[in-house]
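*Asks:* Next come the chains, spelled out residue by residue.
Protein chains: 4
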Amino acid sequence: MFVSRCLRLVLRDVLSQSCLHHFLLEFVGTALFLTASLSAVLIKADLGSTGPTNHSRPPEGPPPPGFVACPLQVVLVFGLSVAMAALSMGGAVHLNPAVSIAMALTLRLRLWRAALYVIGQLLGGVASSALLLGVMGDVAPAVNQVSSGVRLHQAVTVETLITLQLVLVVMVTTELSLPEVATPLLVGLTVSLGHLVAVGATGCGMNPARSFGPAAVTLDFRNHWVFWAGPILGACVAALLNDLLLRPRWRCPGDWW
Amino acid sequence: MFVSRCLRLVLRDVLSQSCLHHFLLEFVGTALFLTASLSAVLIKADLGSTGPTNHSRPPEGPPPPGFVACPLQVVLVFGLSVAMAALSMGGAVHLNPAVSIAMALTLRLRLWRAALYVIGQLLGGVASSALLLGVMGDVAPAVNQVSSGVRLHQAVTVETLITLQLVLVVMVTTELSLPEVATPLLVGLTVSLGHLVAVGATGCGMNPARSFGPAAVTLDFRNHWVFWAGPILGACVAALLNDLLLRPRWRCPGDWW
Amino acid sequence: MFVSRCLRLVLRDVLSQSCLHHFLLEFVGTALFLTASLSAVLIKADLGSTGPTNHSRPPEGPPPPGFVACPLQVVLVFGLSVAMAALSMGGAVHLNPAVSIAMALTLRLRLWRAALYVIGQLLGGVASSALLLGVMGDVAPAVNQVSSGVRLHQAVTVETLITLQLVLVVMVTTELSLPEVATPLLVGLTVSLGHLVAVGATGCGMNPARSFGPAAVTLDFRNHWVFWAGPILGACVAALLNDLLLRPRWRCPGDWW
Amino acid sequence: MFVSRCLRLVLRDVLSQSCLHHFLLEFVGTALFLTASLSAVLIKADLGSTGPTNHSRPPEGPPPPGFVACPLQVVLVFGLSVAMAALSMGGAVHLNPAVSIAMALTLRLRLWRAALYVIGQLLGGVASSALLLGVMGDVAPAVNQVSSGVRLHQAVTVETLITLQLVLVVMVTTELSLPEVATPLLVGLTVSLGHLVAVGATGCGMNPARSFGPAAVTLDFRNHWVFWAGPILGACVAALLNDLLLRPRWRCPGDWW
Chain A
0 MFVSRCLRLV
10 LRDVLSQSCL
20 HHFLLEFVGT
30 ALFLTASLSA
40 VLIKADLGST
50 GPTNHSRPPE
60 GPPPPGFVAC
70 PLQVVLVFGL
80 SVAMAALSMG
90 GAVHLNPAVS
100 IAMALTLRLR
110 LWRAALYVIG
120 QLLGGVASSA
130 LLLGVMGDVA
140 PAVNQVSSGV
150 RLHQAVTVET
160 LITLQLVLVV
170 MVTTELSLPE
180 VATPLLVGLT
190 VSLGHLVAVG
200 ATGCGMNPAR
210 SFGPAAVTLD
220 FRNHWVFWAG
230 PILGACVAAL
240 LNDLLLRPRW
250 RCPGDWW
Chain B
0 MFVSRCLRLV
10 LRDVLSQSCL
20 HHFLLEFVGT
30 ALFLTASLSA
40 VLIKADLGST
50 GPTNHSRPPE
60 GPPPPGFVAC
70 PLQVVLVFGL
80 SVAMAALSMG
90 GAVHLNPAVS
100 IAMALTLRLR
110 LWRAALYVIG
120 QLLGGVASSA
130 LLLGVMGDVA
140 PAVNQVSSGV
150 RLHQAVTVET
160 LITLQLVLVV
170 MVTTELSLPE
180 VATPLLVGLT
190 VSLGHLVAVG
200 ATGCGMNPAR
210 SFGPAAVTLD
220 FRNHWVFWAG
230 PILGACVAAL
240 LNDLLLRPRW
250 RCPGDWW
Chain C
0 MFVSRCLRLV
10 LRDVLSQSCL
20 HHFLLEFVGT
30 ALFLTASLSA
40 VLIKADLGST
50 GPTNHSRPPE
60 GPPPPGFVAC
70 PLQVVLVFGL
80 SVAMAALSMG
90 GAVHLNPAVS
100 IAMALTLRLR
110 LWRAALYVIG
120 QLLGGVASSA
130 LLLGVMGDVA
140 PAVNQVSSGV
150 RLHQAVTVET
160 LITLQLVLVV
170 MVTTELSLPE
180 VATPLLVGLT
190 VSLGHLVAVG
200 ATGCGMNPAR
210 SFGPAAVTLD
220 FRNHWVFWAG
230 PILGACVAAL
240 LNDLLLRPRW
250 RCPGDWW
Chain D
0 MFVSRCLRLV
10 LRDVLSQSCL
20 HHFLLEFVGT
30 ALFLTASLSA
40 VLIKADLGST
50 GPTNHSRPPE
60 GPPPPGFVAC
70 PLQVVLVFGL
80 SVAMAALSMG
90 GAVHLNPAVS
100 IAMALTLRLR
110 LWRAALYVIG
120 QLLGGVASSA
130 LLLGVMGDVA
140 PAVNQVSSGV
150 RLHQAVTVET
160 LITLQLVLVV
170 MVTTELSLPE
180 VATPLLVGLT
190 VSLGHLVAVG
200 ATGCGMNPAR
210 SFGPAAVTLD
220 FRNHWVFWAG
230 PILGACVAAL
240 LNDLLLRPRW
250 RCPGDWW
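Those protein sequence lines, which keep their order, are chains A, B, C and D.
All residue numbers for the first sequence refer to numbering that gives the first Met the number 0, where the first residue is 0 and numbers rise by one.
All residue numbers for the second sequence refer to numbering that gives the first Met the number 0, where the first residue is 0 and numbers rise by one.
All residue numbers for the third sequence refer to numbering that gives the first Met the number 0, where the first residue is 0 and numbers rise by one.
All residue numbers for the fourth sequence refer to numbering that gives the first Met the number 0, where the first residue is 0 and numbers rise by one.
Any given hint could turn out to be false.
As the list claims (entries may be wrong) - Here are the in silico distance ranges between beta carbons for each label pair:
1. A/A129 x B/E174: 29 to 37 Å
2. A/A228 x D/L110: 40 to 48 Å
3. C/S15 x D/H152: 36 to 44 Å
What the hints contain is simulated information worked out from the structure, not anything from laboratory work.
Even for Gly, the Cβ is constructed at its ideal location relative to N, Cα and C.
Next up, chain A with everything else stripped away, as it sits in the complex (with noise of 0.2 Å):
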């Protein structure tokens, strides 16, 4: 009986206006994201059909010309749609199932609504994916993948450190009060730094919906796991580091409720 009212209660919050609002919100910024920033990446290699950035890719030879300028392209795109993305949907949605989740573990956001939000999230991107998949005619470029070269624990690393620092900026401007125009110029220039260091290593994930998208569409699951395990875990050291070091919100076992 206790768990029925519990489940009542949820049920009545997931399905209230605002929850849904939100749902719909994270479902259109992340689908509006991907596919800007996955079009960007699936044009980029049909043009330069022999070089394409974000895929995994061996290095035989010289790299061709021009090889080294694309990552700048697409460390821009994503960047760039992040903010502007988040922006469009009113500055405070997460796009990113690693930041709900970080957000659902320091009890800033309640578990079913993050829940919720992540689903939204990978819906966004499978539809995103699809979508290019029907115009484009083929996605397979757009999914992440560990680079030949480099082993999973560094993958995995990398991963973690990028979305380490991301969660670590989104806490902050939590905290900070800022603009609302602020946040997602934040979030954006912290994606362009992830993107930065990590596009070489695994064409850079730091997201789970961007990288389940395509992955879904293509049926290509290598090494999946890296670009969640990585993300996820980066959030929550983050999370952590932030809650219990850095800005200490708890001092007794006490506060925590």
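With chain A held as given, fit chains B, C and D onto it using these hints.
*Replies:* Same frame as chain A, now just chains B, C and D:
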């Protein structure tokens, strides 16, 4: 008689100082931004005469060295010049027929004012192209064209997507009542994002005035409809998405008026 | 006697602590920004000794690999160093004779102060070039020159256009009473925009102090007038455009005084 | 007895919670920013194994394709990671021994606190380098070295110049009482500017903690003094220039205390 009274009211509004001043700002702003952006495209095309980035070019053989880095220069020029021209005009200009149409569609702008702004923007585009034709001698490389290998429906989809994102950002900035400086910069970033996504596929139109100017001066109207249909479709979808789903303005039909 | 009284008043204003402090800020700021910018140009020219980007070079054969990416580095250096030098000096400096002249033309700055600022800026330019000559041994690659294949009237037009945009932005920022941090950043962005447009045509002058410094140290004054005429013309047109059309300050002749 | 009382006061201040928390923030922040920055340098060096940008390399023959574009990636990574790490730590951290020394020199920071911060920063640098050594297997390409063809006095001059600019910006931001978000971003931009200027000459030190970390782990201390002398000299000159000339803090000797 009712019609003539309406016409007289419209005419009085159109001929008011405020409206003519806005028309002037749209004309000068669009001319300024397109002169800077297109001259950057032309100077680059002129120097590296083998590789005009913003121009349709079949991808025969490997791209010339530096080809991949070029888009970044174009990307930054368009974003910065839109931002600075809009800022110079005071921050409340559209500089883009698609934006004016979306504003008129959502009743944020009177229909005749929107028409006047669009005329000002198109005249600005033609004026800047004519100026560049006189100074540089050739503006053909600045004409937006669908890259070979890109199908028309793909081009329209990409143009729709990037203009949708642009208009969403414009709508958000009008609602958040930001400082006058922020809106031009955010719009400039979104224009840069659009170029990052679309420069490889269509040279990035995103703005019918930008596409119309060089096309009118060179009389090269191949696939020109793409650069009107895509942006206008994207702008209308964005306007409806914003007003009906993301930030509902109208809850009952009576709210429309 | 009237003249001598005027002269005495002028002299008293010029020798006031505020005026001399501004002179010092203009000198130090221009020297700082040009030392950083020009040393970046020189270090690059030194390393890749085949391809000085900022220097006149006939386009014989295909450009060397990486040639196209170079301008971005120069573009960013000039924009950032202007922004940071202006910020370091407190945000209210011009660092550019064209800006001081436009300010004097529109009666925003007393004529003798403008003259003093211009002298400070030119001295700063010469000082930084002399310092770089001593440390690096050669500053020839930093001299602004009209690229071969670019005609003089094209060079003047481009210089006029980019300085016009710069001065429009400066005028807007003085009117919007922005925070002290915003103006240097906006000016820096506009300087970057100018370099994106003009670096291929003239190496981008945009600032007579920047052009005069290396030219005076190397005594290479070929086409040097271009880098004075273009910016000053652009600045004057911008000042008049701003005050008469865009944001009319004067409605009757009596408003001038 | 006087000495022992002084020591006790110092010790009490050092062992206060506030001071230890700042020490922790300096340690974590420096480790975070250097792990991200240096791993980007290492991943790049690993992939394009022929062209480590941030490493001394004789310019034999033409540079490999893409060589010139590399610096931009390094430039952006360092700027963004400094900005985001400082922001994550709350915006009031130095992350740079030269900055702490300049703050102590101008009596903005107690001497023992400055010493403690410097120790935290150096430990952070060593920790991040050790972590990268464990994960990546080699950190030699991340060691700052004077490029061949660049003389030592040139390297010191460049390092002095860019740190001077950095410390001037830091001093201005502390005086303008900006929002907490602005300072890290401005410092990040200045760090990017420094890399744009110096990456070709010295790999850009600008921060003794950044130079010390990889050097200590690889025991490669060739010319290491350059990366201490240049930044500290630049920081001290900037501090004196700021306090004596640009924004005079002291008008008579009595103001010092």
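*Asks:* Each hint needs a verdict: does it hold in this structure or not?
*Replies:* Hints, verified against the model:
1. A/A129 x B/E174: 29 to 37 Å: Check passed, 31 Å falls within 29 to 37 Å.
2. A/A228 x D/L110: 40 to 48 Å: 46 Å, holds
3. C/S15 x D/H152: 36 to 44 Å: Since the Cβ atoms of C/S15 and D/H152 sit about 40 Å apart, the hinted range of 36 to 44 Å holds.
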